[in-house]
Structures are given as C-alpha cells and as structure tokens.
Amino acid sequence: MGSIVTRAKRLRAYRFSAQAAALVLLNLRFLNVWFPNLALSGMLGVCAPGFYCHGCPWATMACPIGVIVTSLRSGAGLVLVVALASISLLGTLGGRLMCGWICPFGWLQELLYRIRTRKFRLPGRLRYVKYVVLAAFVFAGPYFLPHLRLSVCDACPSAFIESVIPYGFQVNWAHNVPGILDARFFLKGGVTLAIIILSILVSRGFCRMLCPLGAMFGLFNKFSLFRYGLTYHKCTGCGACAKVCPVEIDPIKQMNEAECIKCYECTTTRHIKMGVG
Amino acid sequence: MKSESKMRWLLIGALVLLSAGLIVCSAVAVRCRVGSDTLNVFALTYKVHSGEVVRGANGGLEYADWAAPEEPAKAQVQDNGSSDGSARVAAGPATTSGKPHVKKPQATKVTGKTQVAKPSARKPGSKVSVTKTTDVKKPDAKKPGASSSGTKKPATKKPACPT
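Protein sequences, first through last, are from chains A and B.
Just so you know, the first sequence maps onto residues 1 to 277 in my numbering.
Just so you know, the second sequence maps onto residues 1001 to 1163 in my numbering.
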C-alpha cells in the first residue's frame, strides 16, 4: 500500500507518463523527419483532446478551440458542429480528465510550477474569467468581428510555443515574414511570457483562470462517465485531499465540480476513490 | 438503481449518441461539400488557419468561401516571357456569383514616382507594361534545367505565419 507520499509519487509518475505519451502522439509527424513518405496528416481532421495548436509543424491533431475560431470566422457551420460535437463527446466521457492526463500545456504548467520560488493562491472569483474568454474570444469575437484579430488564437500562448517559434526557425527569423517579429509576434510572446510567470507562481494558473477548452470540458464534469466517489466512512475531515489538489479545491465539498481536472491526486489519501459510472 | 443515477446514465447515453451522430453526419456533409480529394474534415480549416490555401496580398490570411468547393478567386500575375519585362494580368477563376474576380490595378513604380493605372486603361488579359512593381519579383537568373522559352514561375511570397 505505502504512505500517501509513496502513492502520490506513483500516481504522479503514471500521470506524467500519460502526458508524455500524449505529447508524442499529438506530435507524431516528427516521424516524417526520418520517414518522409509516411502519411500522418490524416488525423488533423480530428479534434485533439487537449490544448495543442495544429499550426505546429509536427501536430497530428487539430486544436478544438482553433477549429471553432476558424470555422466561425469563415462561416463554416458544419465544421463548427463537428468541433462542438467532438468536445461534447470527450466531455461526456471524461469531463476535465483531458486537462489532468493529456493536455500538453497543462503538463508544461505543472513542470513550471515545480520551480522553487514563492507560491500564491488564486482568488476563487478569477475562475470565472475563463468563461468570459470563452464567450468573448472564442465565439463572439470571431463571429461578429471576423476581420479583427479578437480571438484566442491571436494571443494564444500554446500557439506561440508550438507554432510560432518552430516557424520562426523555419524562416530564420526573417523580419519581413508576416507573424515573425512583428506586432502579432510580440503580442503573443508577451502573453506567453506572462502565462509562464503565472504558471511558476500559481498552480495551473492558465487552466483555472483562462483556458476556454477547460471551461467547455468543465461543463460536463458533473455527470461525465469518469468521476469520483467518496467513501464517507473513511473520511476523517483531515483535509489532506485538499492539500494535494493542484487546482486548490476541496474535493469533499467540490467533488466533480467544473474546476476539478480529475488528476486523481486526492485519491492518494484513500478516502476518495475514482470510478466509472 | 436510483432515479438520479438512471437520469445520469440516460444523459450520458443521449449525449454520446448525439455527439457521435453529429460528428459522422457533419463529417460526411463537409466531405461531400468540400470534395472527395481529402478525407480530412478539417483540412480546409487547417489550411486556412495555417495560410496554405488563402493568403492575402499583404501576407495576412484571408478566408475562403466555404459555400463553394472551388479554390478562392484570386488574380494572378503572370509573366508572358517577353524580353521587355511586360506582364499580363490574368483574371482568376469565377467566383460563386459568376463574375470573374479581377485584381485591382496595382501601383507601379516608374523612375521613383508612383503611378496608379486607371481601371479603364486595360482589360483583363491585356498587356500592361510594368517596369517595376511591388508585387512582381525581378526576374531571377536562369537556373540550370530551366526551359529555353524564357517562361518563369509566377512571383511567390514567403508564407504567412501559421497562426
């Protein structure tokens, strides 16, 4: 059985392995470096179960938020339906399980949070900001003002890391290439830097405060297939599960709420069990 | 089984079936509309997003007309290969409205002064004398293996940033 610390380490190892595997699977086109004839772009038609930009040269799947934004801008209603249905399907099955076990940007934030420095708690009300981001910069902005750059993609930190930087190396950081070393570049770069600093200081700061995909998956958390159960007879009210929670919720009071990323860290206390159904 | 649990299972079942059905139906519909050249439902979205399909004159992205399976109408500047460097402005393919999409006259720079050609001065397909333009690249040195007829590739731009 082992102590809580041992169990937590083991669970974290499983989770990090899953996140690393997801990162490899989401970047499977790196195989084209050695096997140029290998056709791996077909999966770009499928929404990724995480926040990963399909502008990345190696990306295997499409970012659901990027697809929604682009389809709203261009009026592609059917593609929008596919993207929303994909999110609905993934959300119904796992809720925010994707945030805790798959999303590469979430993993990056967890790794950044390991940097030893002073840490801060996020005020509870700021969690509603992501719903504003979802409504304003994923749906309203691209739909009503398609030619203004008012979407999440235009200031996306994930796109800057996974797409703009690799692309900059491809074009040797030429000044005359659109999107490289111009206003858009510095806007995205500034947002990315701010979010990196936020992730170092606050656990999963972007996921909890800004992530529009997390906001959408969170809507399904309450009734999704994967969810928590609580063994009340073992609960002593010690609060150990709340201390290990990376999104700083109380799993006893806020079990399966929209903020829970289903990382299962709290199950290491043995008072909470995970389950299907 | 509790009624609450039963309702939850019903909700999960309904949502899964609805989502899966919508994905399949929309994917088939998109494929029929876009064309059968690709199995990729999001191919156009991806390409528009990454700037592969449509690229604006200033290097920014323009968005394709999703209602039409054709490539977006864009004027192309083609070199007719004449020795004096004159170029022919060709009209692009027809738009969904049936009207040919003709590129607006570009400012041409002649001996340091900028002159704008009047729209009535030429028709699509007619020859326009161009000494130096902002969009047309200078003719490169002849590469080994190039055809002897003097045909050159149309001017290309560096691709826009994928995001």
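Please keep in mind that the hints were generated in silico from the structure rather than gathered at the bench.
There's no promise every hint is true.
[To be verified] Cut-off 30 angstroms, straight-line C-alpha distance, at most; resulting in silico cross-link-like pairs (DSS-like, lysine-lysine):
no., chain 1, residue 1, chain 2, residue 2
1, A, K243, A, K222
2, B, K1006, A, K243
3, A, K9, B, K1002
4, A, K119, B, K1002
5, A, K9, B, K1006
6, B, K1002, A, K234
All values reported here derive from a predicted model rather than from experimental measurement.
Do the hints match the structure? See the list:
With a C-alpha separation of about 22 angstroms, the suggested pairing of K243 (chain A) with K222 (chain A) holds against the 30 angstroms cut-off. The hinted pair formed by K1006 (chain B) and K243 (chain A) fails the criterion: a straight-line CA distance of about 33 angstroms is larger than 30 angstroms. Our distance criterion of 30 angstroms between C-alpha atoms is broken by K9 (chain A) and K1002 (chain B), whose separation comes to about 37 angstroms. Among the hinted pairs, K119 (chain A) with K1002 (chain B) is inconsistent with the structure: their alpha-carbon atoms are about 44 angstroms apart, more than 30 angstroms.
With a C-alpha separation of about 36 angstroms, the suggested pairing of K9 (chain A) with K1006 (chain B) is violated against the 30 angstroms cut-off. Restraint check for K1002 (chain B) and K234 (chain A): satisfied, since their Cα atoms lie roughly 23 angstroms apart, inside the 30 angstroms limit.
Consistency with the previously given hints fails for numbers 2, 3, 4 and 5, ordered from lowest to highest.
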